[in-house]
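Trainee: Sequence:
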Amino acid sequence: MSTEEILQEVALEVSTCSKCNLCKGRKRAVPGEGNPNARVLFIGEGPGYHEDQQGRPFVGPAGQFLDELLASINLKRSDVFITNVVKCRPPSNRDPLPEEITACNDYLDRQIAALKPQVIVTLGRFSMAKFFGNAKISAIHGRAQKKDGYICIAMYHPAAGLHQASLKNVIREDFKKIPLVIAEAERMKATAPKEAGTSAPKEEPPQQLSLF
1 MSTEEILQEV ALEVSTCSKC NLCKGRKRAV PGEGNPNARV LFIGEGPGYH EDQQGRPFVG
61 PAGQFLDELL ASINLKRSDV FITNVVKCRP PSNRDPLPEE ITACNDYLDR QIAALKPQVI
121 VTLGRFSMAK FFGNAKISAI HGRAQKKDGY ICIAMYHPAA GLHQASLKNV IREDFKKIPL
181 VIAEAERMKA TAPKEAGTSA PKEEPPQQLS LF
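Everything in the sequence shown is counted per full-length UniProt numbering, starting at 1 for the first residue and increasing by one.
By construction, these hints were calculated from the structure, which means they are not laboratory data. Watch out, some of these pointers could steer you wrong.
Subject to a maximum C-alpha distance of 25 Å in a straight line, what follows is the list of computed DSS-like cross-link-like pairs (lysine-lysine) [what the hints assert, rightly or not]:
#1 LYS76 / LYS176
#2 LYS146 / LYS136
#3 LYS136 / LYS176
#4 LYS76 / LYS24
#5 LYS116 / LYS146
#6 LYS177 / LYS146
#7 LYS136 / LYS189
#8 LYS189 / LYS146
#9 LYS189 / LYS177
#10 LYS147 / LYS177
Build out the structure end to end from the sequences listed, making use of the hints.
Mentor: Okay, here's the thing in structure tokens:
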């Protein structure tokens, strides 16, 4: 199957998913959207009111800020892929529960495997936890690390910048690093030795990249 076909298959499954109780209160599931050939994958936390209404990620005020951030580094939505850790809106926009994240994890893993992005940008602490465990976002935001074969960079959720004015410029400055991370990912890909045979790649420990 092509990348686009896999993403469409995941989206169809998400639209009728009943793996957890979030399905009971949703209007529309939000599987994610974007360029199937995207070099950058953005992973948020979960849909809010506007996303639940439209079935699309980041379409409310936080999404407008995300569009502004993308434009600041000469990117637009059609250049990237955007999804969330959970695909249905938690009631009253509460934090997703561990069992809800677990229920959606297979969908996210399949999206990542299909896209094979050069760079994964996590937005918020729940998506950050998938790659960085119990790390504190205040300590690692804006720092690129190689994890699970991908270059990952944790950032505050755009909504945090709307709720805390002091974080807005922090998020803007972190976003300015994304082009550097993309360039580093391309350099690493170009200089990586060709894999011999079809054996699975060895698991690597998290690796801090000296980009900034």
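Trainee: Assess, step by step, whether the Cα of LYS147 is no farther than 25 Å from the Cα of LYS177, and give holds or violated.
Mentor: 18 Å, holds
Trainee: Is LYS76 close enough to LYS24, meaning Cα to Cα at most 25 Å?
Mentor: Answer violated: LYS76 to LYS24 is near 33 Å, above 25 Å.
Trainee: Are the Cα positions of LYS136 and LYS189 separated by 25 Å at most?
Mentor: 29 Å, violated
Trainee: LYS76 and LYS176 were given as a pair; does the straight-line alpha-carbon distance stay at or below 25 Å?
Mentor: 14 Å, holds
Trainee: Check the hint pairing LYS189 with LYS177 against an upper bound of 25 Å on the C-alpha distance.
Mentor: Roughly 18 Å between the alpha carbons, so the hint for LYS189 and LYS177 holds.
Trainee: Is it true that the CA of LYS177 sits at most 25 Å from the CA of LYS146?
Mentor: 15 Å, holds
Trainee: CA of LYS146 to CA of LYS136, is that 25 Å or under?
Mentor: 17 Å, holds
Trainee: Next pair to validate is LYS136 with LYS176; report whether the Cα-Cα distance is within 25 Å.
Mentor: 21 Å, holds
Trainee: LYS116 and LYS146 were given as a pair; does the straight-line alpha-carbon distance stay at or below 25 Å?
Mentor: Answer holds: LYS116 to LYS146 is near 14 Å, not above 25 Å.
Trainee: Given the hinted pair LYS189 and LYS146, is their alpha-carbon gap at most 25 Å?
Mentor: OK: LYS189 and LYS146 at ~13 Å, within 25 Å.
Comparing the model with each numbered hint stated earlier shows that hints 4 and 7 do not hold.
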